[in-house]
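**Q** Sequence:
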Amino acid sequence: MDDKSGHGKEDDNDADVESKAILRKKLQVKSDALVVLSQELNQYKIQRDQFKLMAEKIQERFLHLKKQMCDTKESNKCDSLENNFRTLDLLTEAREQNKCLRLQVETLRQRLMDAEGDIKALRTNNNHNNRVSVDQEAQLAPAMHQREEMIEQLEKLNLRCSQLQTDLQTVLDEKHELEVERDAFKCKAHRLNHELSKALSASKPVDLDALINENRYLQERLQQLLEEKELTRQSLSKYKVVQRIMNILSNL
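Position one of the sequence shown corresponds to residue 1344 (this note's numbering), numbered consecutively onward.
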């Protein structure tokens, strides 16, 4: 009878040891998962800040372009056309940046979907863990608290990403408006070239932009010649003064 009782206690002890070992393994796995999720959360925060910075830069660029468009409309035709070509270059650069932003948004959205799946799994595990014994809850309480905080942070990050997506769409809408204005300025440039060709009775279309650049070059060249002329005049005046002095000395 005593032997049977002894064997029963040993079996209970073995079961307790095995149960504790299983709990330790589960706790270790969940701790490792928590570390991985913490690292991913930090990466999401970094990407969120980068994405926000890029969106703000593009917003500032488009506001600058809008102001430039308004200033351009008040200038003369030649200056307006020259600014339009610079605007086309800026719009091309903005289009490339928007492509990069779209790719980053898609990547971030996919990662958030994966994180939401992890959140769902973690919540399922949390509900299961709520049914464990008091000792097990005491052991898992710190990890569960950290996990809940991480879930809350990921949900906030998801909301922030949605807001950034809305901001990006606003920027894209403004970009579309600028592209429409750009096309209108391009048509205006073609009409100006055509009218100038007719006025000059040119045999081939006149490139107004080329004429503006050539005129600028000729103005710079003229300014250089005027400066050289002034230097020559000053040198000649000095030479005449020296010549008079030499004549006076020779007469003495």
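Treat the hints with care, as some may be off.
Pairs of lysine to aspartate or glutamate, EDC-like flavour, derived with a Cα cap of 16 Å [said to hold, decoys possible]: (1) K1518 / E1403; (2) K1499 / E1399; (3) K1388 / E1520; (4) K1388 / E1498; (5) K1410 / E1517; (6) K1518 / D1392; (7) K1529 / E1492.
Calculated from the structure, these hints are not laboratory results.
**Q** So which of those numbered hints doesn't the model satisfy?
**A** Hints 2, 3, 6 and 7 contradicted; others consistent.
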